[in-house]
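Trainee: Listed below are the residues making up each chain.
2 protein chains.
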Amino acid sequence: MSDTNALAALIDALRRLPGVGVKSASRMAFHLLQHDRAGAQVLARALEKAATQIRHCSLCHTFTENEVCATCQDPRRDRSKLCVVETPADQAAVERTAAFGGLYFVLMGKLSPLDGIGPKDIGLDKLLARATDGEVREVILATNFTAEGEATAHVIGEALKARALSVTRLARGVPAGSELEYVDLGTIAHALVDRK
Amino acid sequence: MSDTNALAALIDALRRLPGVGVKSASRMAFHLLQHDRAGAQVLARALEKAATQIRHCSLCHTFTENEVCATCQDPRRDRSKLCVVETPADQAAVERTAAFGGLYFVLMGKLSPLDGIGPKDIGLDKLLARATDGEVREVILATNFTAEGEATAHVIGEALKARALSVTRLARGVPAGSELEYVDLGTIAHALVDRK
Numbered sequence: 178m179s180d181t182n183a184l185a186a187l188i189d190a191l192r193r194l195p196g197v198g199v200k201s202a203s204r205m206a207f208h209l210l211q212h213d214r215a216g217a218q219v220l221a222r223a224l225e226k227a228a229t230q231i232r233h234c235s236l237c238h239t240f241t242e243n244e245v246c247a248t249c250q251d252p253r254r255d256r257s258k259l260c261v262v263e264t265p266a267d268q269a270a271v272e273r274t275a276a277f278g279g280l281y282f283v284l285m286g287k288l289s290p291l292d293g294i295g296p297k298d299i300g301l302d303k304l305l306a307r308a309t310d311g312e313v314r315e316v317i318l319a320t321n322f323t324a325e326g327e328a329t330a331h332v333i334g335e336a337l338k339a340r341a342l343s344v345t346r347l348a349r350g351v352p353a354g355s356e357l358e359y360v361d362l363g364t365i366a367h368a369l370v371d372r373k
Numbered sequence: 178m179s180d181t182n183a184l185a186a187l188i189d190a191l192r193r194l195p196g197v198g199v200k201s202a203s204r205m206a207f208h209l210l211q212h213d214r215a216g217a218q219v220l221a222r223a224l225e226k227a228a229t230q231i232r233h234c235s236l237c238h239t240f241t242e243n244e245v246c247a248t249c250q251d252p253r254r255d256r257s258k259l260c261v262v263e264t265p266a267d268q269a270a271v272e273r274t275a276a277f278g279g280l281y282f283v284l285m286g287k288l289s290p291l292d293g294i295g296p297k298d299i300g301l302d303k304l305l306a307r308a309t310d311g312e313v314r315e316v317i318l319a320t321n322f323t324a325e326g327e328a329t330a331h332v333i334g335e336a337l338k339a340r341a342l343s344v345t346r347l348a349r350g351v352p353a354g355s356e357l358e359y360v361d362l363g364t365i366a367h368a369l370v371d372r373k
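Sequences listed follow chains P and H, in order.
Quick note on my numbering: the first sequence kicks off at 178 and runs consecutively.
Quick note on my numbering: the second sequence kicks off at 178 and runs consecutively.
Since the hints were made in silico from the structure, they are not lab data.
Just so you know, not all the hints are guaranteed correct.
[Unchecked claim] Taking lysine-lysine and the DSS-like style, the derived pairs with C-alpha atoms no more than 27 angstroms apart in a straight line are:
hint : chain 1 : residue 1 : chain 2 : residue 2
1    : P       : Lys338    : P       : Lys303
2    : P       : Lys338    : P       : Lys373
3    : P       : Lys200    : H       : Lys338
4    : P       : Lys226    : H       : Lys226
5    : P       : Lys226    : H       : Lys200
6    : H       : Lys373    : P       : Lys200
7    : P       : Lys338    : P       : Lys258
8    : H       : Lys373    : H       : Lys200
9    : H       : Lys226    : H       : Lys258
10   : H       : Lys258    : H       : Lys338
11   : P       : Lys226    : P       : Lys258
The following block holds chain P by itself, in its conformation from the complex (with noise of 0.2 angstroms):
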């Protein structure tokens, strides 16, 4: 595409986007030189404000530009509560509920011995350090639902509880609004089960 090193440049950095392929980075290259230079600019200046400014939060471990987050730092917070989620996304869906009054621990990711992932990569001595400050009753696990979030759940759970912490995990079951037709049978089952 051309001649220009710049350009090579640019798509090759572009790739390193998750799912952004030669095709994309391309399309995205000619779009951002021909029709959004100005954009080009404002990207570049945001990544690099982003990549030098923000930090973990030293209490819950999501990001942040100062040393401890908005929401640790909310004196309306319940701080008897944890709620443990994968990452900021997961967290900002438990807030969307409103259901939620107490903290977070961010784990940023999850448990995936295949990926080389494990207890250390995932901060769980951060997050036992935390969950053991005297303040934190209950522990509440929200790791998604899947193989890896739910090994990710029993491995924390398991140690929070050698720590004699009250540990729960959200209920499984029938999403709200769904017809049990077309709901899957491993839903049904586990909703049969932790009926109430």
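Based on the hints, put chain H in the right spot on chain P.
Mentor: What follows is chain H alone, placed relative to chain P:
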């Protein structure tokens, strides 16, 4: 997704890329911050460099860092043939065939009245000046075989014929390696009309 302005700004900026919505942008930002900060800085520098250093070749209008691109500078090229394509990616596709040794003119777009893209926006006056330089004998229209590409080829072709230039269009027909049973009717009809 947490409380950082730098992160929100990054997600907004990533959404300026074509085909990237808020979910993809969040995923990209999370990936860069969690797993590839070096990549974020590489991309930032590549964007900055491309946005400031890449301009258009004064002869063929493609992207280049120089006054004239490498293809137009190449003395081995046949200067009597000019192939008109929509984008640098289309030019690259023609180049990969190794079946064309002439020069190019890259429109950097196509006629699209609904989007307000007229002859001036695709550099029709530049193309006419380029094609009437005295060296060019034949102009090959290699715009896409879409409605807009065909309209673009028609408009350019009429303007060039009015200047007594030889104008050709890429042949339409059945793609190499295809079985007639699976080729669309329009293509077979064209291949019948253009049989030789």
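Trainee: Give a verdict on every hint.
Mentor: Each hint, compared with the structure:
no., hint, result
1, Lys338(P) / Lys303(P), "holds (16 angstroms)"
2, Lys338(P) / Lys373(P), "holds (24 angstroms)"
3, Lys200(P) / Lys338(H), "violated (35 angstroms)"
4, Lys226(P) / Lys226(H), "holds (17 angstroms)"
5, Lys226(P) / Lys200(H), "holds (21 angstroms)"
6, Lys373(H) / Lys200(P), "violated (35 angstroms)"
7, Lys338(P) / Lys258(P), "holds (15 angstroms)"
8, Lys373(H) / Lys200(H), "violated (52 angstroms)"
9, Lys226(H) / Lys258(H), "violated (33 angstroms)"
10, Lys258(H) / Lys338(H), "holds (15 angstroms)"
11, Lys226(P) / Lys258(P), "violated (33 angstroms)"
In this structure, the hints that do not hold are numbers 3, 6, 8, 9 and 11, in rising order.
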